[in-house]
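The task is simple: from the sequences and hints, build the whole structure.
There are 2 protein chains.
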Amino acid sequence: MKPIILGAFEINQVNLTSQGMWAHPEQTTHRYTDLDHWVDLAVLLERGGFDFMFVADSYGYPHMNGITRPVVIEQAVEVPNNDPMMLVSAMAAVTERLAFVVTASTTHEHPYANARRFATLDHLTKGRAGWNMVTTSMEVVSELFGTTPVPHDERYARAQDFVDLSYKLLEGSWDDDAVLVDKQRRIYADPAKVREVHHEGPYFTCHGYFDSEPSRQRTPVLFQAGASETGRSFGARNAEVVFLHGRNAQMLREQVDDVRVRTVREGRGEGSVRTVAGLSVLTASSRAEAERRLDAYLDYVDPAAARAYFGAMTGIDLEELDPDMAMADLTTDGSQTQVHRYRHEKVREATADFIRHGMRELILLGTPTQVADQMGELVESTGLDGFLYTPFVTPGSYQEFADDVAPALRAAGLLEHRQAPTFRQALFPDGGPHLPASHPADRVRHVPSGTTR
Amino acid sequence: MKPIILGAFEINQVNLTSQGMWAHPEQTTHRYTDLDHWVDLAVLLERGGFDFMFVADSYGYPHMNGITRPVVIEQAVEVPNNDPMMLVSAMAAVTERLAFVVTASTTHEHPYANARRFATLDHLTKGRAGWNMVTTSMEVVSELFGTTPVPHDERYARAQDFVDLSYKLLEGSWDDDAVLVDKQRRIYADPAKVREVHHEGPYFTCHGYFDSEPSRQRTPVLFQAGASETGRSFGARNAEVVFLHGRNAQMLREQVDDVRVRTVREGRGEGSVRTVAGLSVLTASSRAEAERRLDAYLDYVDPAAARAYFGAMTGIDLEELDPDMAMADLTTDGSQTQVHRYRHEKVREATADFIRHGMRELILLGTPTQVADQMGELVESTGLDGFLYTPFVTPGSYQEFADDVAPALRAAGLLEHRQAPTFRQALFPDGGPHLPASHPADRVRHVPSGTTR
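Taken in sequence, the protein lines are chains A and B.
Take any residue in the first sequence, note its place counting from 1, add 9, and you have its number in the working numbering.
Take any residue in the second sequence, note its place counting from 1, add 9, and you have its number in the working numbering.
Accuracy of the hints is not assured; some may be wrong.
Just so you know, same-sequence chains aren't split out, so a pair can sit in one copy or run between any two.
As a list, the in silico DMTMM-like pairs of lysine to aspartate or glutamate whose alpha-carbon atoms are at most 25 Å apart [unchecked claim]:
1. Lys202 x Glu148
2. Lys135 x Asp439
3. Lys135 x Glu35
4. Lys355 x Glu209
5. Lys11 x Asp170
6. Lys192 x Asp49
7. Lys192 x Asp45
8. Lys11 x Asp186
9. Lys135 x Asp199
10. Lys192 x Asp304
In case anyone wonders, no lab produced these hints; they're calculated from the structure.
Note that the structure is a prediction, hence the values are computed from the model and not measured.
Right under this line is the structure:
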């Protein structure tokens, strides 16, 4: 069986999907403003066999029908939150293999500034940077930024224009061999190998050179997680890793297959997109004991905070709906992963489930060996490439995984200590450090892939 | 005599004002993409008695009359350049006192995103963050960002609106005592002490909470360096540290006095703004030997690269001007520090001087004791508070300063090992961690200064 890809799902906030769990006695996420918290976590993840840390992010906070409920502030539901990019260099300095995938929105960042930030991170991490491309639907962010809310499909049109310009900047301005750093001849770079970018898109215009010289990966590894039709198309066209949403093997298998079909339709090779699913784990001497541990953790969820959290992400106030209404009948703009996952359920069940689980989908319980076996079966039966591990408490849940589950996974050949020159090559061992020739970014390169690289 | 404030002038590029000096055999700035380069530098600066690292920055590169000359790329004149903010957390993790002042433009960043980035840095550094507030005049950046160039005075109107909103976000949304982190009572923050910001300015609109909880300093220490009338007014109104431009005691004294007069006129206390000037130093067993060392360094300047650099910052092509023309007769939009400093000279002299010195203004030569004495005399005769030390080569110039000049300064009582809870308190030992009540930001606080802090 092939080894899995393993990421840690993180956020620069005090609650990670389980709203209220910041108060658990074992929880240290209230130290999120402390650099030591992150540095220690990065070291632990690398030791535990994780390939990358994924840092979710969004500006804003739960705000519905013109109000933010007091529970949002009281339980720190998505607010306070800090910038995730600022964490990376300190963690990169104490690790060698761990990669860092950071979220940045195509709705609220500027593509030139964003490309320079990611190029800088890819330089400083020596090719261990990833970009989780998101669009922003929360109206409150428009109010914070003084912009007009962008309708769903237009958000993706804007996202495509954003990444098209990003490709030109990251791949099309400096040739791979433009930088010489030849002190003897006093030539830093060859002007003949640096070219102006010209972009006149529907949303963005740019004329000139890219400020950053090429980093090891040039473009950071591209992540995406949209569940809507438009979101899936965008992912199949642009992403290298797609974050799936499913609570069982059947749902995941459907999505893995869907990603394969769409990727091929986009003219990219069948294996050119990796799929990962969210995963939480609790181990004990028996499954019953692990279930008791789960209950004890989830007791810390604050139901009102969880409902506000759902509202923030969907614009839907669960308390105002008929409990017997089918979730599939809800009118949304189609972007909501959180609505999509409950499309077969009624409001009553969806509410109860969301309060209990937040965004957690797969929760595996049992002895370490049982958990490792379940992970193996999931990968086998779905074609999934790996997992985004979501802790209950930090650092405890990571320590538990590193000490108990990882050895069982290694024994089963499911986890390896990857040694690759770049994050992209860790994910795609048969490829090079750059986006492959089958990726749309190749079209903006001046030197065809394979001639100088 | 009171100890000086000492900063290091840095940039996330290969040339630091002397265009071409990247190729000097002792120079390691071509390693600017390597995190170890920065981590080692931060450790060296802290050991050497520096209070802060100042990182200059601008998007873009020299581009005049529609072209970028090949020498710009060949000698790396301002390009390639990487984002400076990404460097901070790694350097903060290996230092305890050193502060980090990062440049961000009010012309091209978004105030909400910018405030969250700086709040995050102030958290991660435990109150060691500073913001060098700049406006961007280079037309090439407008072309890169797809925006319309903003005329000079309007840039400052926009800058004022930008900082007015920043104050509301950083100082007016969360009260100092809003965050409780009370696990026993399960209360993270008190909703009654978090308030929505409402801003409808001429350039920016914002309604809602600020995402970040208060950091130690709340607002990072505010730096500014404008030489124009509008720039000086902006600095006197908003800045806590002003970077002056002058090549002798008289020029500096005039500016120090000007800052004092303007600060008082703005209703702020006389000592509420610190002044620093750029400084380069070369030591040897004699002044003559130090001069020979200076010549040997400046031989590495590439004249064509230096002229392109001047053109980038001013829009003025020195090669096309009558050498006998007075620099004061040049029509510029009034913003250019680089033109202002040559206002008493002719084009011929200005060109020759700029090629040799770039943006270096004070260059002190002699034995370590002679240099320390000259620094003391400058401070004494001008009222200047300190210096921004600009190296010729890295790390050599810093090592030289730390090993030779710093001990002589300490012996003269001019340098102290500052131990303050925050960067602001290192600069203003009689004040607190936050902007004082006399600063305009105080007006947007909900709880008057002094009641809870």
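To see whether the hints hold, each was checked on the structure:
1. In this assembly of identical chains, the alpha carbons of Lys202 and Glu148 lie at most 25 Å apart only when taken from different copies (23 Å versus 43 Å within one copy).
2. With identical chains, the CA atoms of Lys135 and Asp439 are at most 25 Å apart within one copy only, with a shortest distance of 19 Å there and 44 Å across copies.
3. Proximity of Lys135 and Glu35 under a CA criterion of 25 Å is satisfied inter-copy only: 24 Å between copies versus 34 Å inside one chain copy.
4. With identical chains, the CA atoms of Lys355 and Glu209 are never at most 25 Å apart, being 46 Å at best within one copy and 42 Å at best between copies.
5. Taking the shortest alpha-carbon separations for Lys11 and Asp170, neither the intra-copy value of 36 Å nor the inter-copy value of 56 Å comes in at or below 25 Å.
6. For a Cα distance limit of 25 Å, the shortest separation of Lys192 from Asp49 across copies, 22 Å, qualifies, whereas the shortest one inside one copy, 39 Å, does not.
7. In this assembly of identical chains, Lys192 and Asp45 lie within 25 Å of each other by CA distance solely across copies; the values are 21 Å between and 39 Å within a copy.
8. Neither within a single protomer nor between protomers do Lys11 and Asp186 lie at most 25 Å apart by alpha-carbon distance, with minima of 35 Å and 52 Å respectively.
9. In this assembly of identical chains, the alpha carbons of Lys135 and Asp199 lie at most 25 Å apart only when taken from the same copy (22 Å versus 42 Å across copies).
10. Taking the closest pair of Cα atoms, Lys192 and Asp304 come within 25 Å of each other only across two copies (19 Å); inside a single copy the shortest separation is 64 Å, beyond that limit.
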